[in-house]
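Peer 1: Given next are the chains, with one letter for each unit.
There are 2 protein chains.
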Amino acid sequence: MFRPQIKVLDCTIRDGGLINNHDFDHRFVRAVYKAISEAGVDYMEMGYRNSKKLFSPKEYGAWKFCTDDDIRRVVEGIESQTKISIMVDVGRVDLDDVKPKPESPIDMIRVASYVKDIDKAIFMVNDFAAKGYETTINVMAISVDQGPELDEALHQIEEESKIKVLYIVDSFGGLYQEPVENLVKRARSILKNKEVGFHGHNHQQLAFGNTIEAIIHNANYLDGTIYGIGRAAGNCPLELLIGFLKNPKFDIRPILELISKEFIPLREKIEWGYIIPYAVSGMMNVHPRAAMALRKTKDKENYREFYESLIDPEVD
Amino acid sequence: MFRPQIKVLDCTIRDGGLINNHDFDHRFVRAVYKAISEAGVDYMEMGYRNSKKLFSPKEYGAWKFCTDDDIRRVVEGIESQTKISIMVDVGRVDLDDVKPKPESPIDMIRVASYVKDIDKAIFMVNDFAAKGYETTINVMAISVDQGPELDEALHQIEEESKIKVLYIVDSFGGLYQEPVENLVKRARSILKNKEVGFHGHNHQQLAFGNTIEAIIHNANYLDGTIYGIGRAAGNCPLELLIGFLKNPKFDIRPILELISKEFIPLREKIEWGYIIPYAVSGMMNVHPRAAMALRKTKDKENYREFYESLIDPEVD
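Residue numbers (our numbering), protein chains in the order written: chain A, 1 to 316; chain B, 1 to 316.
Bound conformation, chain A alone:
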C-alpha cells in the first residue's frame, strides 16, 4: 500500500506516558525522536500540554506538560523532517500556555474530545489554528458514541472548525473491521474538506488490522507506537504499520534497533500488550479502567471472575 497522502504519527511518548505517569527521561525521548526521524515518520507526539494549575509537576513527568523548552531540549541537534505534535484534553489546558506558532517548536496540536464536548473542542482548535498550528480533533471512545449525536458533531466540525484532520479513536479497543469501515466512510461523507485519521487500541489484537481497514477506506492519518506501547493493551505497533506501507520514505530499521535496545528492557518494567482483562474490556466495549485496576491486585490473573464481574453490572 503506497498512497502519497498517507501520514504516520508516532505517539509512543504521549500514549506510552499514560502507563508511566509521563515520566520518560530526556535521554529516552531523544532516542525515540532520533529513531522516528531516521525512519521518516511524519509526526511525533511528545505528550500532553496540561495546565500546571491542575496537575502538579511533582506528581507527573515532563510529558504531562510538554513545555516548549522541554521539547527544544529533545530535538536540539538531531537532524529531522519529523513534525512535532502535542495533545490537549478539553478542559485541562490553559490556552495562554500555547504561544503563537513562530515562538514554539510545535507544529500540530491535537484536541482529544468526547462527542459531548465537541463545542469546546472546536473553540480550542480554532484558537490554536489562529495561532498558526495544524490542528486535529480526536473523537475518543467512538465505539460507544455512534448515534445521531456523532453525525451532528461531524457536521459542526466540518462547518465551524479549522481542523486539518478528524481522528476516529477506538479508546476501548471495541471496534471490529466493519464498524471501522462504517465510521471512516461516515466521517468522509460529512467532512468534505478535512482528512480522516484513525487511532486504534489493541485490546483485541485488532489495532493494526483496524488501521489497515481505515487505510482501505481512505483514512490518511494513522497513529502507531513503537512496539505497540500505550495504555492498557497499547496501540497499533508502528513497526507493523511501516512494514505494511510501501511508501519509500519509510525505513523500519531504526525502529527495530530501538525496540531491541530500549523497548525490550522497558517492557520488563511496565506492562502493556495482549493481556486477557484488556481483551475482555474490548469484547465488552467498556473503558479499560476496571481491568487496569485489576492488574494492580493479587487477582490480576483471575480472568473468569473479572469477566463475570463485567457481565453482571446490575443496571436497570
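Hints should not be assumed to be uniformly reliable.
A pair holds if it fits inside one copy or across any two, identical chains being indistinguishable in the list.
Straight-line distance between alpha carbons at most 20 Å, and here's what the computed DMTMM-like set of lysine to aspartate or glutamate pairs gives [claimed, not checked]:
no., residue 1, residue 2
1, Lys120, Glu76
2, Lys298, Glu181
3, Lys120, Glu152
4, Lys298, Glu257
5, Lys58, Glu301
6, Lys300, Glu268
7, Lys296, Asp151
8, Lys120, Asp69
9, Lys116, Glu149
10, Lys249, Glu38
Note that these hints are calculated values from the structure, not bench results.
Guided by the hints, dock chain B onto chain A, whose structure is given.
Peer 2: Same frame as chain A, but now just chain B:
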C-alpha cells in the same frame, strides 16, 4: 456475528505441539478437552498422526502420533459434544494406521498439503472419507502460492475429492485482509459443494482480524488456539474468536479460566506470541524457520540485523 453454519476448531494441542515436540501430558490435554467441551467448541484437534516408522516415539510426545488409544484416554469420562480431529501431513502417515471410523474415537481427519502435493492429498482424503471420516484439505503457505496452480488445485479438489472443507492456511502470517478476502472469494467461487475454512498465524497480529475477514466473506470453518498458542507467533486466540461470534452455543468462561490456570504458567516455559523476528518474517512473507532458529541464539533480540539478513538474500 451469528451464523449457524459457523464451526470453530480448536487446535491448541496440535499447533501448540509444534513448539514443545508434541509433549503435553495427559492431564493437560484432558484439561483442554474439558474446557473446549464446556465452551461448546465444535472440534478439537489433538495432534498429528505420524508414522512411527518415520519418527521415533522416544524423541517426540504422544501428540505427534495421536493413537486412538491415547485419544480415548483423554476423552474418557468427560461429557462432550466436541468432535475429535487429527491432522496428517502428506507423505508422513501410514494409511493402514487409520482404522475405519467405527473403530476409532476420531471424527475428522485434516490433510495438510502444499499446492504441489494436492494429488497426494486428494488420494489420502478419499481413503479417509471411504473409511467414514469427515475430511478436509488444508492448503499451507498459501500466501506464496496464489498463482494459477492454486486455481488448478482448487478445481481438482472440487471435482475429485470427497472433502467437506477446504482450508486456507496462512502459514507465514503474511496475509493482510485484502488477500484473505480475495482467497476466500476465489475458493468459494470454485468450490461450489464444499465449505471454506481459514487458519491464520499471528506473526503480524492479524490472525484474529484475518479470521473476521474470512467470516465476512463466508468462510464457515475457523481455527483458533487457547491464548493463541502455536508455532512462532501462534494462531488466532480462541477466546477472541468466541468473544466475537455471537453464536449462543459458545461459552467463553471455561477458556478464560483455563488460561489463568494453565496457559499463563505455560507461557513462562515455552515461547509464542508477538515477537519481532516473527513479525519480520510475516512482513517478508517467508517461513518463520530463520526466526525460530534466531530465537535459540544469543542474538535473539538483534532485530535490525535479522531484518537485514532477510532483505539481502543474494538471489539472482
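Peer 1: In ascending order, which of the hints set out earlier in this document are inconsistent with the structure?
Peer 2: Structure breaks hints 1, 2, 5, 7, 8.
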